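Undergrad: Now for the letters of each chain:
Number of protein chains: 2
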Amino acid sequence: MVADRGDGMTVGDGAATTGLLDGRRTAADGPARPVAAVSETGSAAVRRPLSPASDAVRLWPGFWAARVAANAERSLAAGLARMTAAGTLENLELAARTAHHGPYHGKLPFLDTDVFKWLEAVCWHLQTADSPEWLERAEEVIALVGRAQQPDGYINSYVTVVRGGERWADLPSGHELYCAGHLIQAGIAHRRATGRETLFDIARRFADLIVAEFGEGGRRVGYCGHPEVETALVELYRETGERAYLDLAGRFIDLRGEGLLGDRPFGRRYFQDLRPVRETHVMHGHAVRALYLATGVADLYLETGEAELLDVLRDQWDDLVRGKTYITGGTGARHRDEALGDAFELPADQAYTETCAAIALMQWAWRMQLATGESQYADMFERVLYNGFLAGVSLDAERFFYVNPLQVRPDSTLGPAGRREWFTCACCPPNVMRTFASLHHYFATSDETGLQVHQYAPGSIRSELGGVDVETGYPFDGRVRIEVPVDCAGEWTLSLRIPAWARGQASLSIDGRAVEIGTTDYVRLTRAWAGGEVLELDFPMEPRLTLADPRVDDARGCVAVERGPLVYCAEQVDQEAELDGVQLSGAAREGDMIEIGGALFPTVVLDGVVRPARSKSKLKSKSKLKEGDAEAAWPYRTLGAEQAQHEGERTTVTTIPYFAWANREFGAMRVWLPHDSAH
Amino acid sequence: MVADRGDGMTVGDGAATTGLLDGRRTAADGPARPVAAVSETGSAAVRRPLSPASDAVRLWPGFWAARVAANAERSLAAGLARMTAAGTLENLELAARTAHHGPYHGKLPFLDTDVFKWLEAVCWHLQTADSPEWLERAEEVIALVGRAQQPDGYINSYVTVVRGGERWADLPSGHELYCAGHLIQAGIAHRRATGRETLFDIARRFADLIVAEFGEGGRRVGYCGHPEVETALVELYRETGERAYLDLAGRFIDLRGEGLLGDRPFGRRYFQDLRPVRETHVMHGHAVRALYLATGVADLYLETGEAELLDVLRDQWDDLVRGKTYITGGTGARHRDEALGDAFELPADQAYTETCAAIALMQWAWRMQLATGESQYADMFERVLYNGFLAGVSLDAERFFYVNPLQVRPDSTLGPAGRREWFTCACCPPNVMRTFASLHHYFATSDETGLQVHQYAPGSIRSELGGVDVETGYPFDGRVRIEVPVDCAGEWTLSLRIPAWARGQASLSIDGRAVEIGTTDYVRLTRAWAGGEVLELDFPMEPRLTLADPRVDDARGCVAVERGPLVYCAEQVDQEAELDGVQLSGAAREGDMIEIGGALFPTVVLDGVVRPARSKSKLKSKSKLKEGDAEAAWPYRTLGAEQAQHEGERTTVTTIPYFAWANREFGAMRVWLPHDSAH
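Going line by line, the protein sequences match chains X and Y.
Position in the first sequence counted from 1, then plus 227, gives you our numbering.
Position in the second sequence counted from 1, then plus 227, gives you our numbering.
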């Protein structure tokens, strides 16, 4: 059942801490490292990331290792090539030679972030891989960033080149602080991964300038139209212990909602600037902005422990989950202003569901998990990871989706007919890259009692108190073999997440003896581990048919297929009948394995009939049918005028994992499939 | 049953042809007057508008007279006030004083068309109403337009003021020819309505300049990003007999599709510039552009009789009707690029369905009716007229919709929370005004055999060969009383349209004797009319429940209520239960009359149940429910895990005519209502 055991590459199995890295090493943490959790001042985080991260989780060959390897081997190089071709790197050169003005490449003010996110991705890759080539490439680009930095620490190639250096002139749309946020995150990644200070120092100098400008008593009062710097500043505080960064993040969050961004065409809601954060109990406006802001607010909570922030984040989360999240974990229902949309406004075809929004939701979910320890956040992380996020990149890791619909109509004109190598607004691809490169950081946490495993992948997991080795064909195979290695002997608690979709149906044995786990969300096993114990988790992998709330209008009368953590979809290329003309009935069953992009995936098959073409009105058949007769074509008919006919030619529909769609001939696709029992 | 017999005003019952109008009168035609139909060169039009239009159709008090009166009494004045407040008129003053540059009011390059369309509306109003005040107002604005005209005939305040007079520099987006088209239409209306030449001469001078620039052998080869000038130029040919205008319209249409507009962000499809018109068998891109272009092509066909044009128009029409038209007759599924969308991409909540698109479809349908005589085009005209178009203006005629969704979710953020007095882009309101002011022109046609009545309203209809007087409470009452007046005695054919929704169920009597009409679409009565004959048509007014093609995903499992020509909708303000939580079953029935905006409308009532709140997972109830538990909120559930429950508290849902929505408290609204029998 394990489909793509990968190519033998062992991610994380390198000598990343050997002499290649000449700088001093920090704790080698991952992307988010709450410190209040381990401080004496009271803990807002009930769980914490594993540390040092470079050793904590090592992926062995399997589903994720193969994808992470493809990211490292192909996406990173492709990203560098595309940024070079697009002139994104050249823009930094233009900013470096300040006497030279233009021509700037591209019209968007945030193209620097492509470079910063790509650098962050390379750094996380370097944390686990021994790659002199990538280290050298990174240093070259970092040197370029350094040259683009102005004497006082400011960096933004667009402002320097296009705007003649006029800074902070357009906080609503200029994205300067947003760009700074990504620079800070890249700088932290570089330091944590390599121990070097170069990019970190560049970023910190800019951060200090921003503190001077925007901090308490600074010259400016405002905040960025696109949240992102908030989460970055909290992490910079974590990395440095410098309170000013945390305070500035707090100040941006405190000020937001005062309407300082003005009334723009899309309205204050677009910027999450309608009312103060602490009075905002719904998620609204531009999806990625809303989710990055929530991520920053969660970071602020993790360091300050301010209960009001967690309360409002819970409300926002519930609002998002209740009616603004697709079954894929995608968010953002509207193309128009890239907005989340109203509750239950979740069109399948017009879904925007930007790849960056999936990533942002994973970031927020991770922090909520740290803050509360509740399974729902790890459940959502898993849903987004395997579906909404993973669909954003091709199996060969070289082409990307910006928009991730749940339905493509035949000959669709709604988006590009397939994945693309790059975009004019290329925020998504490097965001995917940094997420893959740091993905293993999100699979487990620790607390004072032991280790919590949230996501299942082959590999070794080590925390201070305990550790496990995992073998599994997850997400295709429901069996997970977990061994406690001898070097992790001792008394500690092993917590294993039972995904919501498996709860009450999963089973566990320890050394062959069944253990009753009921309907728990985390199996907690506290014992004196001798080492050598073998635990076997078994998750039910029977395909499930899933209904949506009737208020999700596009999904009414339909089912979605889920199998394990995966949402499935039907692509036209796999069907005998025209996909949009099929009406399903009955249960789903396992189908044959299917090869897509060199890997094998389990299919799920459903039975159905081809809906007969709409019979023409009986009245009409008596009269002369005229050329171009609209009545025959009119897609609405009176109830009762014809029998409901679901008795057409029998057919089957084959579904594949949603994340694997659009890797072959591009055509019609559906997640929601009309089904007789769906009501 | 007749709800709003109006205020006693008799539209068209004035002395419009008396001495008030000092100019010479033309034939006083309406907005579209094919001439090939009455020429000896072969007829492309099988029917023609009644002429002289000022006498042909006079509306008596009733449904349309009241709306037309409200348009004249309130919309026209409101339009003038809004244009004054917005600076739209001042912009023409700025263009007139060429030494003076700015500040221009507004950022859009086509604001002049607000003035031109408003002028056209005032002129059509003057055709049937004796109003010295409006005549004077019109002349003042016409004088202003004249002052804004450059010495060589050019007019465009935006180009003159903002672009420093640089003409034709941005054909894709500059809208200069589009503006010219509306000026030409206003000039023709002024001449036909008042017999005066002032605005007509202004328009013709500009048209001559355009012929010199863009005609065969002119300095420029190109066409406008927004079609509109094509239909106007054909009408100018009709008015003048000057072939150059027809040729230029043909040239614009011939060139279109050569890609001269370039590759813009929304793509060549947006501009209908993907391929030549004669090779375009689908409707695509920006809805209003697509429909105005089709209207112009239909005009070209009507004058040239080129069979290939009619063939392609039929294909385009069928494509539009088959999957790109809402049940309201609205078109344009996408907010993003105001586009028609793919076949069956017809979301109810995200529907764009611009009011101007409804008007454009009426214009196209009218010309297709003239070209073919087929009932389907008059059927569509009726559908749009009573639903998609009429919903675009409030009952008090002072507030407008730009976007006309078929569903509003609770606390929707998708559009403004109600109608607006004016818009930054105010194309729709004056478009509504000119349509109302000329509406009676579209109710009947003539041919060499007699008179065809397409739309039923109280009033008198006279053609050269015959005439009728009509009394009816249509669209609420299905009885139509038609009398042949004594002065119309003679042998001629009276054709009466049987709407598609009534076909096979309508009945007719003549002088009390039933006449078998079968399932015909036009009852054709050829006889020697003595005068005094009374015909009684009876259309079935029982509410109908209508299903959509399953590929209209938003409407799956739902019904729409229709009654006569009216589509109904449910507004939250009329419901006991939360609208989105109701599941209907059973038949629709007549409800009480309801008063909205001072008029009474028949309601239609359906029975249903309030869907119980989703029961929480049985598993969940055994475990501790955590604060902020997402599982309870997650809007997707496994099929079979719970019984389908449509057995909640009984309730009823009251529906009202769709055109009357959003005239009270603004809230949730639905056209498509979930119904047990809808499959």
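If you are wondering where the hints come from, they were derived from the structure by calculation, not from laboratory data.
Be careful, since some hints might not be right.
Label pairs and their computed distance ranges (CB to CB) [to be verified]:
#1 X:E363 to Y:R447: 51 to 61 Å
#2 Y:R754 to X:T865: 52 to 62 Å
#3 Y:G444 to X:G489: 48 to 58 Å
#4 Y:E805 to X:F650: 22 to 32 Å
#5 X:P643 to Y:G422: 25 to 35 Å
#6 Y:E874 to X:R706: 37 to 47 Å
#7 X:G813 to Y:Y863: 11 to 21 Å
#8 Y:K334 to X:E469: 38 to 48 Å
#9 X:E769 to Y:E874: 26 to 36 Å
#10 Y:A757 to X:E876: 36 to 46 Å
#11 X:R706 to Y:Y863: 34 to 44 Å
This one's a predicted model, so the numbers in the text were calculated from it and none came from an experiment.
Glycine included, each C-beta is placed from N, C-alpha and C at the ideal position.
Undergrad: Each hint: holds or not?
TA: Hint check:
1. X:E363 to Y:R447: 51 to 61 Å: Cβ of E363 (chain X) to Cβ of R447 (chain Y): about 55 Å, so the range 51 to 61 Å holds.
2. Y:R754 to X:T865: 52 to 62 Å: With a Cβ separation near 34 Å, R754 (chain Y) and T865 (chain X) fall outside 52 to 62 Å, so the hint is violated.
3. Y:G444 to X:G489: 48 to 58 Å: Holds - the Cβ-Cβ distance for G444 (chain Y) and G489 (chain X), about 51 Å, lies within 48 to 58 Å.
4. Y:E805 to X:F650: 22 to 32 Å: This hint is violated: roughly 41 Å between Cβ atoms.
5. X:P643 to Y:G422: 25 to 35 Å: 55 Å, violated
6. Y:E874 to X:R706: 37 to 47 Å: 41 Å, holds
7. X:G813 to Y:Y863: 11 to 21 Å: 20 Å, holds
8. Y:K334 to X:E469: 38 to 48 Å: 45 Å, holds
9. X:E769 to Y:E874: 26 to 36 Å: 29 Å, holds
10. Y:A757 to X:E876: 36 to 46 Å: 60 Å, violated
11. X:R706 to Y:Y863: 34 to 44 Å: Since R706 (chain X) and Y863 (chain Y) have Cβ atoms about 26 Å apart, the given range 34 to 44 Å is violated.
Hint check: violations occur at hints 2, 4, 5, 10, 11; the rest are consistent with the structure.
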